[in-house]
Amino acid sequence: MENTILRIENLSKSYGSSTILKDVNLTVNEGDTVVIIGPSGTGKSTLLRCINLLTKTNSGRIFLDDKEINAHGVDENDVRKHIGMVFQDFLLFNHLTALENVMIGPSKVLKMDQVAAREKAFFELERVGLKDKAHLYPGQLSGGQKQRVGIARALAMDPRVMLFDEPTSALDPELIGEVLEVMRKLALEGMTMLVVTHEMGFAREVADKIVFMEHGVVAEEGAPDDLFFHPKHERTREFLWKITELYGKHDQEKGENPE
Amino acid sequence: MVLEIMGYILGGTLITIAVTLVALPMGLVLGMLFALARVYGGKFLSGFAALYSTVMRAVPPIVLLFILYFILAGSINISPFWAGSIALGVISSSYQLEILRGAVQSVGGGQMMAARALGMSRLTAIRHIIIPQALRLAIPPWSNEASIVLKDSSLVYAIGVPEILRRAQFVSARTYQPFLAFTAAALIYFLLTFLSNRLLDRLEDKTRIPGF
Amino acid sequence: MNEFIDFFRTALPDFYQGAIITLKLTGVGLGLGFLLGLPAAVMRVYGGKYLRWLAVGYIELFRGTPVLVQLFLVYFGLPDLGVTLSRMTAAYIVLGLNSGAYQAEYFRGAIQAVGSGQMMAARAIGMSRIEAIRHIILPQALRLVIPAWSNEPTSLLKASAIAFLIAVPDLMTKAKTVAAHTYNPIGTYLSVAVVYLVIVFVINGVFSFIEKKARIPGLELEF
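Chains as they are written, first to last, in the numbering used here: chain H, 2 to 260; chain E, 17 to 228; chain W, 32 to 254.
If you are wondering where the hints come from, they were derived from the structure by calculation, not from laboratory data. Idealized CB from N, CA, C, for every residue including glycine. Be a bit skeptical, because a hint or two may be false.
As the list claims (entries may be wrong) - Estimated spans, in silico, between C-beta atoms of each pair: (1) Arg214/E to Gln115/H: 28 to 38 angstroms; (2) Gly126/E to Met151/W: 55 to 65 angstroms; (3) Pro44/W to Arg143/E: 48 to 58 angstroms; (4) Tyr56/E to Asp24/H: 55 to 65 angstroms; (5) Pro110/W to Arg143/E: 50 to 60 angstroms; (6) Leu30/E to Gly130/H: 55 to 65 angstroms; (7) Gly23/E to Asn33/W: 46 to 56 angstroms; (8) Gly63/E to Gly191/H: 47 to 57 angstroms; (9) Val45/E to Asn11/H: 25 to 35 angstroms; (10) Leu219/E to Thr28/H: 30 to 40 angstroms; (11) Gly63/E to Asp209/H: 44 to 54 angstroms; (12) Lys68/H to Lys243/W: 52 to 62 angstroms; (13) Asp24/H to Gln121/E: 45 to 55 angstroms; (14) Arg143/E to Glu120/H: 21 to 31 angstroms.
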């Protein structure tokens, strides 16, 4: 029986007179990897920031494990303990080593004792393949390494769901692979993930569901093969063409049917 | 005789250093509180901090010194040394407010966002993420302010504190050699600012975040 | 509060005279400082070894010692060497020398911000160093420096207050007299603080205006 971890109902968000998100509905089931794609500036990042309550919504409801989290009177800090976020700009704490970056959540927020927090941090760093860089500072790490530390930092909180906001968009091409590899591994291990990305290869291989967003609404959603080979909307087809052309993988997508 | 004079003026040096060492940390603590109010406070707190900064930095330090001195001396039994040092601390806090405000803003909203995303409260984030980075960023302009406080400490001459300048004046009255006395005073100050700048440069090196 | 306003009104005529002197001190100091600071900055950036040393020496000496000490040295100390100056002259000179050192640093920053590329381009069309400095570097630097330099008038205004310690009849001296007469030190100095506040407000307003007028489109100094 599929367990719904995250449910978003009729979410809307505007800044002044511009509407960023219009009546968005989305479900993410346990262990699923949901990938959100779409043109830039269509509210994808805003959506993620609404989910972990960094941005206030104008209307709509968000449910984490069937508990409404964006209602009045909910302790936001508490909610954020259960949602992990990985940023496009990494946003590592510059004055702390990699280990300390990963440790600080468990130690200061989850109030674990130093020894336990340190162990947890080492565990997560190993999980992302960076145990040997534990004592280096962000300034001494490459982009890919920084992002992996960012992932470890979020994982250390043992979140119910991980949100990835264009995790590889700020990376040099050669460094993207190492981050996607970690994310692939996480998905296989059963982590519930919601990923905003332009990496179509990753989307096709790893996603359980792909959501195409444009102009602040969900234009189409479905299983990867459905979306890539039988897109219901012209606009979806257009977008997928353009973007896979850009990333050099346009061989199969010319409307060809695998059956 | 020359040694006596030197000793006497050097005694003033200790007082000058003492005044500075009281005023600077006081200015830092107060300045930090005001800076946080300015950046993270609501409309009222932030506005008050802005007003404080504008007013305290527009009035000459000597005027503020007098005002604070008379208020302090009028209400409690306090020595000119303490009244003067506290007054200088309050004055410095308004300048340090601006320095720290700049530093906190330089740290950036991204750091706060990442901290909140982990579930930290604003207060925890400010304490563990923002302030440690802001303090490091603030060191260069802060060294400048430290120099200024050291030099402004000479203002307490006007309320009778026996620091370097007042002692130099005393010596010049006794020996009828004002040029030498005041040149000596100037040299001592010069040395003090030189040394403190060196010290703070080393502090900057020591606390530098690798790779940052 | 009403008491305060009344008090303020009675003190006003005295304050007025003091304010005139204060403004004179500030103005002359600013002007003198400009005449000293700009050449010092040019020497600092473009000068040969000796000129540079001279400039650095001047700048470090006057920025590394308190104004008050400089004032006493000039007014009380120089007579020892046979140079006796009036109070006002001593104050003008010291404020000018002091401001010049700080202004030199502002100008230096602006000159360096103009960039060596500009100098290179000027030399490439055959200008001598001096011509390049005069026609290319300085015009740009003087515009770039305005935001930072606009701190100097208020800085100088505040520094001028210490002149009362050598009995220059400025605002502070008047304040002292009034305070003595009225046995109301706190009220008096608060009033004087208000006067300084108003003057600063006016000065800042003037400079905001100048800044806007002098801005070169697209070229701004980022601090």
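Taking the hints in turn, this is what the structure says about them:
About 37 angstroms separates the C-beta atoms of Arg214/E and Gln115/H, a value consistent with the hinted range of 28 to 38 angstroms. Distance hint check for Gly126/E and Met151/W: the Cβ-Cβ separation is about 38 angstroms, which falls outside the suggested range of 55 to 65 angstroms. For Pro44/W and Arg143/E, the hinted distance range of 48 to 58 angstroms is satisfied, since their beta carbons lie about 53 angstroms from each other. Between Tyr56/E and Asp24/H the CB atoms are about 34 angstroms apart, so this pair departs from the stated range of 55 to 65 angstroms.
As the Cβ distance of Pro110/W to Arg143/E is approximately 57 angstroms, the hint placing it in 50 to 60 angstroms holds. At about 57 angstroms, the CB distance of Leu30/E to Gly130/H agrees with the hint of 55 to 65 angstroms. Checked against the hint of 46 to 56 angstroms, the C-beta distance between Gly23/E and Asn33/W comes to roughly 54 angstroms, which is consistent with it. Separated by about 51 angstroms at the C-beta atoms, Gly63/E and Gly191/H satisfy the suggested range of 47 to 57 angstroms.
With their beta carbons about 49 angstroms apart, Val45/E and Asn11/H fall outside the hinted range of 25 to 35 angstroms. A hinted range of 30 to 40 angstroms for the beta carbons of Leu219/E and Thr28/H is inconsistent with their spacing of about 54 angstroms. Take Gly63/E and Asp209/H: their Cβ atoms lie about 51 angstroms apart, and the range 44 to 54 angstroms holds. A hinted range of 52 to 62 angstroms holds for the C-beta pair Lys68/H and Lys243/W, which are about 55 angstroms apart.
Look at Asp24/H against Gln121/E: about 36 angstroms separates their beta carbons, and that is not inside 45 to 55 angstroms. Under the hint 21 to 31 angstroms, the C-beta atoms of Arg143/E and Glu120/H, about 24 angstroms apart, fit the expected range.
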